[in-house]
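> Chains R and A, in that order, are what the protein sequence lines are. Letter by letter, the first sequence follows residues 25 to 204 in our numbering. Letter by letter, the second sequence follows residues -5 to 106 in our numbering.
No wet-lab data here; the hints were simulated from the structure. Quick reminder that beta carbons are idealized off the backbone N, C-alpha and C, glycines included. Do not take every clue at face value.
Unchecked claim - No more than 20 Å apart at the CA atoms, straight line, and that leaves these computed lysine to aspartate or glutamate pairs for DMTMM-like:
no.: 1; chain 1: R; residue 1: Lys185; chain 2: A; residue 2: Glu4
no.: 2; chain 1: R; residue 1: Lys70; chain 2: A; residue 2: Asp39
no.: 3; chain 1: R; residue 1: Lys70; chain 2: R; residue 2: Asp93
no.: 4; chain 1: R; residue 1: Lys102; chain 2: R; residue 2: Glu146
no.: 5; chain 1: R; residue 1: Lys74; chain 2: A; residue 2: Asp39
Unchecked claim - A short, non-exhaustive set of chain A residues, derived as facing chain R with CB atoms under 8 Å:
no.: 6; residue: Phe6
no.: 7; residue: Val23
no.: 8; residue: Arg26
no.: 9; residue: Leu27
no.: 10; residue: Ala30
no.: 11; residue: Arg31
no.: 12; residue: Arg33
no.: 13; residue: Leu38
no.: 14; residue: Leu55
no.: 15; residue: Leu92
Claimed, not checked - Residues of chain R placed beyond 10 Å of chain A at every Cβ, according to the derived structure:
no.: 16; residue: Ala28
no.: 17; residue: Glu39
no.: 18; residue: Arg44
no.: 19; residue: Ala68
no.: 20; residue: Lys74
no.: 21; residue: Glu76
no.: 22; residue: Ala151
no.: 23; residue: Ala154
no.: 24; residue: Gln156
no.: 25; residue: Ala171
no.: 26; residue: Ser183
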Amino acid sequence: MSNASALNRFLTDVEQRAFRMARFAVADTDEALDIVQDAMLTLASKYANKPEAEWPPLFFRILRNRITDFHRRRTIQKGIFALFGTRPAGADDANPLEQLSDERHAEPDFRAQLNVTTQRLEAAVAALPARQREAFLLRVWEGFDVAATARAMRCSEGSVKTHFSRAVHALRERLEDDWP
Amino acid sequence: MSDGRRVGDEAFVAQVRDVLDRSSVSDDVRTRLAAARRRAVASLDAPVLRPPARWVPVGALATTLLAVFLSVAVQRPPPLVDEQQLATVEDMDLLIDLEFVAWLDTDNVDAG
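Isolated chain R, as found in the complex (with noise of 0.2 Å):
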């Protein structure tokens, strides 16, 4: 049963960021939802018995996979789409800051939240790379070292450091007027 208040501890600790962080990577609540408690359930299922201190990194290796699973259906299915000449509902070539802005505006809770500033922020975090983005969050959010980030990235610290030096370079390019 400490197994089960320590994991319901964690998720509630996480399950915001995570669900922030999967919304960027894909742009839809409701897909952003199904990848979160997928990530928790994967991580209940299969790793809750691990050693407390490598959930974080455990899950959100989980959560980033099942971003690029989504990503993939995603890509296949405008494949398929593509080779019949028709397209996906929802499916959309248009710029990903004006579409994350557009589906603000159908999510009136969701925007009404949101100061310009945060918009500015989180719009500029979705437009990062993905790579770049999940460095940054994990260290900048999650509070990961560069060791733990690279363990829930699966690639090398230096790459860490690479993808996390460039984000910052980048938001802060984009977000000069707002962040003197």
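On the provided structure of chain R, position chain A as indicated by the hints.
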């Protein structure tokens, strides 16, 4: 990287972290996340449904093949000679003689 730039990056990162921490998700999302968490935690107590072991499909195939073999073996072809009739033949020499006469009748008459 210059010290000024690094300090600037650190301040920027701290500011980003602060903004991200202050932003929140909607009540609906929070509710759905809590439900997902409860399901995940509850799954710890659920019985583990193990996937079938690798030998199970092989065993199933072997069992099927054995069943097919046995069913074919049990359905023996009808006997060429009526067994009941064969059982009533008291003198096997008579049966052999009849076969010999039949053979003579077909081939060896012309040869002779």
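> Is the interface hint for A:Arg31 satisfied, with its Cβ closer than 8 Å to some Cβ of chain R?
Check passed: Cβ of A:Arg31 comes within 4 Å of chain R, closer than 8 Å.
> Can we trust that R:Lys74 is non-interface, i.e. its beta-carbon lies farther than 10 Å from all of chain A?
holds, 13 Å
> Could you check that no beta carbon of chain A comes within 10 Å of the beta carbon of R:Glu39?
Given that some Cβ of chain A is not farther than 10 Å from that of R:Glu39, nearest at about 5 Å, it is violated.
> Is the claim that R:Glu76 lies outside the interface with chain A correct, judged by CB distances over 10 Å?
holds, 14 Å
> Can we confirm that no CB of chain A comes within 10 Å of the CB of R:Ala171?
Non-interface label on R:Ala171 holds, nearest chain A Cβ at 18 Å vs cutoff 10 Å.
> Against chain R, is A:Leu92 within 8 Å by beta-carbon distance?
violated, 76 Å
> Is the interface hint satisfied for A:Leu38? The criterion is a beta-carbon contact with chain R at less than 8 Å.
This hint holds: A:Leu38 lies near chain R, its Cβ roughly 5 Å from the closest one there, short of 8 Å.
> Given the hinted pair R:Lys70 and A:Asp39, is their alpha-carbon gap at most 20 Å?
holds, 13 Å
> Quick one, is the A:Arg33 hint okay against chain R at 8 Å, beta carbons?
At about 7 Å, which falls below the 8 Å cut-off, the nearest Cβ of chain R leaves the hint on A:Arg33 intact, so it holds.
> Say whether it holds or is violated: R:Gln156 keeps its Cβ farther than 10 Å from all Cβ of chain A.
holds, 13 Å
> Given the hint that R:Lys70 pairs with R:Asp93, test it: the Cα-Cα distance must not exceed 20 Å.
holds, 18 Å
> May I ask you to test the interface hint for A:Phe6 with respect to chain R, counting a Cβ-Cβ separation under 8 Å as satisfied?
holds, 6 Å
Checked against the numbered hints given earlier, the structure breaks hints 4, 14, 15, 16, 17, 18 and 19 and satisfies all the rest.
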